[in-house]
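Protein chains: 2
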Amino acid sequence: MIHLYDIGYKERRRDMAQEKKVNGVDVEQLFSTIEGIKKKPEIAKFKFRATNKWVDGTHNRATIKDFYGAGKEDNSREPLVFELDEPPVLLGKNEGANPVEYLLVALSGCLTTSLIAHASAKGIKVRAVESRLEGDLDLRGFLGISEDVKVGFEKIRVYFKIDADISAQQKEDLIRMAQKYSPVYNSIANPVPVIVQHEE
Amino acid sequence: MIHLYDIGYKERRRDMAQEKKVNGVDVEQLFSTIEGIKKKPEIAKFKFRATNKWVDGTHNRATIKDFYGAGKEDNSREPLVFELDEPPVLLGKNEGANPVEYLLVALSGCLTTSLIAHASAKGIKVRAVESRLEGDLDLRGFLGISEDVKVGFEKIRVYFKIDADISAQQKEDLIRMAQKYSPVYNSIANPVPVIVQHEE
Chain Z
0 MIHLYDIGYK ERRRDMAQEK KVNGVDVEQL FSTIEGIKKK PEIAKFKFRA
50 TNKWVDGTHN RATIKDFYGA GKEDNSREPL VFELDEPPVL LGKNEGANPV
100 EYLLVALSGC LTTSLIAHAS AKGIKVRAVE SRLEGDLDLR GFLGISEDVK
150 VGFEKIRVYF KIDADISAQQ KEDLIRMAQK YSPVYNSIAN PVPVIVQHEE
Chain G
0 MIHLYDIGYK ERRRDMAQEK KVNGVDVEQL FSTIEGIKKK PEIAKFKFRA
50 TNKWVDGTHN RATIKDFYGA GKEDNSREPL VFELDEPPVL LGKNEGANPV
100 EYLLVALSGC LTTSLIAHAS AKGIKVRAVE SRLEGDLDLR GFLGISEDVK
150 VGFEKIRVYF KIDADISAQQ KEDLIRMAQK YSPVYNSIAN PVPVIVQHEE
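As they're listed, the protein sequences go chains Z and G. When the count follows numbering that gives the first Met the number 0, it moves up by one through the first sequence with no breaks and lands on 199 for the last residue. When the count follows numbering that gives the first Met the number 0, it moves up by one through the second sequence with no breaks and lands on 199 for the last residue.
Be aware that one or more of the hints could be misleading.
It does not matter which identical chain is used: a pair holds within one copy or between any two.
Derived lysine-lysine pairs resembling DSSO-like cross-links, with alpha carbons at most 30 Å apart [as the list claims (entries may be wrong)]:
no.	residue 1	residue 2
1	Lys-37	Lys-160
2	Lys-154	Lys-19
3	Lys-37	Lys-179
4	Lys-44	Lys-64
5	Lys-39	Lys-52
6	Lys-20	Lys-154
7	Lys-52	Lys-92
8	Lys-149	Lys-44
9	Lys-52	Lys-37
10	Lys-44	Lys-121
11	Lys-38	Lys-121
12	Lys-149	Lys-121
13	Lys-38	Lys-160
14	Lys-124	Lys-71
15	Lys-46	Lys-71
16	Lys-64	Lys-37
17	Lys-44	Lys-92
18	Lys-149	Lys-39
19	Lys-38	Lys-52
20	Lys-19	Lys-38
21	Lys-179	Lys-71
22	Lys-64	Lys-121
23	Lys-19	Lys-39
24	Lys-39	Lys-160
25	Lys-64	Lys-179
Read the hints as simulated data drawn from the structure, not as lab findings.
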């Protein structure tokens, strides 16, 4: 199978010889990463991590720091700390956004980055990208009131606005690419095996 | 089908008449919420939201504020702002955690809250809950290098430590309940329809 990266992007790359960055994305680094991974697929294997500590009630705190990728452990970042809580109607004190809202944050960021990365690789300059997301959740699932109700989101809707000198069809194509190649979108739209266990 | 909320929790409720809060969770409010939803199921329907603005390159910014739930719009929270970016190896500048890390934050918080809520409803007092999460991601999916590689997480592992005066089997049971009733867990382990579209 011939993939767009194998033809269109390489051709494009020659045209853009002077433009190292498109939309703030270093396309030279992007293409050299792709070439590197093609030669050595194991450097594409990443492990992302989080830790969490319960604080009180519905309030807990997650930390992001290290990850494994490109063949090595990376422990260089300062810890990033996130407060999670519920609003009062859901028994919390608004000490932070709630977990399903963090899921929407993740989805919004991933679709945006995927859209920008693929637009940049194609040499499409974008002035602005905005999105709004809404997900439907029926609490009867979480509360165990009905076995017929989905516990997770029933449906999520994402609306993008793209400001760029491209046709409506090209905007539509960018959104399809963003969706197709977004790890978070694909982790929500398709099932992911999640193993949960106790450790001493 | 007889559900644990219908029997065990109500019995427990009588025993705990003096204890309004367990693990910081207002179990009186929890049970009255459950009773209220049983009488009027439409108040269980929530809509959670996020907005996102692209900043530059792999850096974008999400905001959480309003939601719909318990039959009305809630716009009372101050906006919560989240920076999303990639580390340099993934073309970013570390302006924030990356989208797949936010997904792990969401999962960690939701499993923890689910565990605490269900422990509290059962009258199980917990001293501490900690967890660590790790997800495997092969970038060949995102980069479109191989159609055979999953774009989303291949697998996520979650390890819980629970400090409480309960047996190993009870800890195991709590983890199974946390998993079964966690909206974020169920949004990742099971497929969710996600509609992505352009708007003018």
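Worksheet item: Any of the earlier hints contradicted here, and which numbers?
Response: Violated hints: 1, 2, 5, 6, 9, 13, 14, 19, 22 and 24; rest satisfied.
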